[in-house]
Amino acid sequence: MNRKGFTLVEIMIVVAIIALLAAIAVPNLLAARKTANDAAAKASVRSLSTAAEVYATSHSGAYPTQIATPGLVDFISSAANYCKDVAGGETTIQGFKYACTLSSSAYSFVATPVTVGTTGTETYTASTGGVLTPL
288 MNRKGFTLVE IMIVVAIIAL LAAIAVPNLL AARKTANDAA AKASVRSLST AAEVYATSHS
348 GAYPTQIATP GLVDFISSAA NYCKDVAGGE TTIQGFKYAC TLSSSAYSFV ATPVTVGTTG
408 TETYTASTGG VLTPL
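Basically the working numbering = 1-based index in the sequence shown + 287.
In short, the hints are calculated from the structure, not lab data. All of these numbers come straight from a predicted model, not from anything done at the bench. No residue lacks a Cβ here, since even glycine has one placed at the ideal position from N, Cα and C. Heads up, a few of these hints could be off.
Stated by the list, open to error - FRET-style restraints, in silico, Cβ to Cβ:
#: 1; residue 1: L422; residue 2: G292; range: 54 to 64 Å
#: 2; residue 1: A327; residue 2: A303; range: 28 to 38 Å
#: 3; residue 1: T379; residue 2: S345; range: 28 to 38 Å
#: 4; residue 1: V418; residue 2: E377; range: 36 to 46 Å
#: 5; residue 1: G348; residue 2: I311; range: 50 to 60 Å
Sequences and hints are given; from them, build the entire structure.
If you want it as structure tokens, here you go:
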């Protein structure tokens with residue numbers, strides 16, 4: 288009698304190999320996601336800061352007082368998504384909380400990880416003058 292197919296032992300070996308490969312790959316994927324979140328937060332804060340500085344150069348040194356200012360939104364179309372509430376509120380995007388403080392003489396954009404070590408590793412701040420500081 289000629290039976291075709293796999294034995295239970297052969298199937299168990301294949302399942303064990305797949306589980307081993309998954310155990311190796313999953314931590315690397317989580318680390319890559321955390322790194323991507325950090326990079327996105329850093330780029331977003333830098334873009335918001337650049338937008339505020341560009342706005343100030345064309346408005347006699349006055350910074351925007353709200354994110355819905357036409358010149359600012361024209362520069363970065365997603366600014367309203369990151370800073371929905373200028374009065375101390377926070378917006379959560381891609382594992383980071385964004386807080387924006389705007390006045391005609393200064394600004395501050397802060398991106399803080401929702402869970403430090405899981406969604407991101409550092410807090411990024413950009414303040415008047417366009418200085419980006421990781422904390």
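These are the hints, each one checked on the structure:
The supplied range of 54 to 64 Å is met by L422 and G292, whose beta-carbon atoms lie about 60 Å from each other. Checked against the hint of 28 to 38 Å, the pair A327 and A303 passes, with Cβ atoms roughly 37 Å apart. Between T379 and S345 the beta carbon distance is about 31 Å. The supplied range of 28 to 38 Å therefore holds. The hint said 36 to 46 Å for the Cβ distance between V418 and E377, and at roughly 21 Å that hint is violated.
For G348 and I311, the hinted distance range of 50 to 60 Å is satisfied, since their beta carbons lie about 55 Å from each other.
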